[in-house]
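Asks: Below, each chain spelled out in residue letters.
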Amino acid sequence: MVASQSMTAGAIAANFDTARPTVSKHLQILTECELLAHEQDGREIYYHLNPHKMKEIADFIEPFRATWDKRFNKLESVMKKYKK
Amino acid sequence: MERKTKVHAEEGKQELLITREFDLPLELLFKAHIEPEFIEQWMGTKVLKFEGRKHGGWQFATSDAKGNVVFAAHGVIHEFVPNQKITRTFEMENAPFGVQLEFLEFEKVTDETSKISMQSVYRSVALRDQMLKLGLAFGINMAHNRLQEIVSKLKR
Chain V
1 MVASQSMTAG AIAANFDTAR PTVSKHLQIL TECELLAHEQ DGREIYYHLN PHKMKEIADF
61 IEPFRATWDK RFNKLESVMK KYKK
Chain F
1001 MERKTKVHAE EGKQELLITR EFDLPLELLF KAHIEPEFIE QWMGTKVLKF EGRKHGGWQF
1061 ATSDAKGNVV FAAHGVIHEF VPNQKITRTF EMENAPFGVQ LEFLEFEKVT DETSKISMQS
1121 VYRSVALRDQ MLKLGLAFGI NMAHNRLQEI VSKLKR
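Chains as they are written, first to last, in my numbering: chain V, 1 to 84; chain F, 1001 to 1156.
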């Protein structure tokens, strides 16, 4: 949601069944982790995604994931050959 | 079908979850995890011991072309249910990561496809994060080993 546009906490909360304070708590944590950035506009706070941080986290896991993906691809090809 | 390997590592937690769907019947996916002949092929390591049973143990080691051991790991098996699950410990030798607890769950998706979920629990969040970072080193090492293999074949 916040990837395509800036949204207020109220607008974000309207998309979930969770209580508003729970959504606020999640927004606060995501902001602390720098995954979300916010800007004050009058009385409203608008949240938007911080794509740099998202990428940083994805990059951190990616080599590990790629290692396993390669291993599992190999497993699949080994066992397919055996099946024939 | 989504066949990509997924890694879920929630921030601040001392565990990680790897999931993957295979274009293989459940029995073959399980077989690949318990028969040394197959483990050696896809893990790229030598299987020194594998006792597929409760209270069994396992031991893997990888050597370079000169015979130096570059990777060694071992553990014990706590639970072993054919085509369903393996609960085991995993510890890399000569590495500062300590032991981790692994829950491997095997599931049938269709007659011809299956899924694995591997949950690994580390002693601390810091150790889990170090292990994730090591993925990079592993990836590079594997690529290097492969390169070395190809180059040494060319040399002959």
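Take these hints with a grain of salt, some might be off.
What the simulated footprint calls covered on chain F by chain V, stretch by stretch (three residues with Cβ under 8 Å from a Cβ of chain V suffice, anywhere in the stretch; the number is not a length) [said to hold, decoys possible]:
#1 1014–1023
#2 1034–1048
Some residues of chain F that are not near chain V, with every Cβ distance over 10 Å (derived) [said to hold, decoys possible]:
#3 1009
#4 1011
#5 1031
#6 1056
#7 1077
#8 1107
#9 1111
#10 1132
#11 1133
#12 1134
Here are some, though not all, of the chain V residues that point toward chain F, as calculated from beta-carbon distances under 10 Å [unchecked claim]:
#13 39
#14 41
#15 50
Hints were generated in silico from the structure; no laboratory data involved. No residue lacks a Cβ here, since even glycine has one placed at the ideal position from N, Cα and C.
Asks: Could you run down the list of hints and mark each one as holding or not?
Replies: So, going through the hints one by one against the coordinates:
Beta-carbon proximity to chain V at under 8 Å applies to 4 residues in the region 1014–1023 of chain F; the threshold of 3 is reached and the given coverage holds. Counting residues of the region 1034–1048 of chain F whose CB lies closer than 8 Å to any CB of chain V gives 5, which reaches the minimum of 3, so the coverage claim holds. Listed as a non-interface residue, residue 1009 (chain F) fails to keep its Cβ farther than 10 Å from every Cβ of chain V; the least gap is roughly 6 Å. Once the 10 Å rule is applied to beta carbons, residue 1011 (chain F) is inconsistent with being away from chain V; the minimum gap is 7 Å.
Against chain V, the non-interface label of residue 1031 (chain F) is violated: not every CB pair exceeds 10 Å, the least being about 7 Å. Distance check on residue 1056 (chain F): its Cβ is at least 21 Å (rounded) from any Cβ of chain V, clearing the 10 Å threshold; non-interface status holds. Every CB of chain V is more than 10 Å from the CB of residue 1077 (chain F) (nearest about 19 Å), matching its label as outside the interface. Every C-beta of chain V lies more than 10 Å from that of residue 1107 (chain F), the closest at about 15 Å, which supports listing it as non-interface.
Consistency note on residue 1111 (chain F): stated as away from chain V, and its beta-carbon is indeed over 10 Å from all of that chain's, at 13 Å minimum. Separation of residue 1132 (chain F) from chain V is inadequate, the least Cβ-Cβ distance of about 5 Å not exceeding the 10 Å criterion. With a minimum CB-CB distance of about 8 Å to chain V, residue 1133 (chain F) fails to clear the 10 Å threshold, and the non-interface call is violated. With a minimum CB-CB distance of about 8 Å to chain V, residue 1134 (chain F) fails to clear the 10 Å threshold, and the non-interface call is violated.
At about 24 Å, the closest approach between the beta carbon of residue 39 (chain V) and any beta carbon in chain F exceeds 10 Å, and the interface hint on this residue is violated. Nearest Cβ of chain F to the Cβ of residue 41 (chain V): about 29 Å, over the 10 Å cut. The hint is violated. Because the smallest distance between the Cβ of residue 50 (chain V) and any Cβ of chain F comes to about 14 Å, over 10 Å, the interface hint for this residue is violated.
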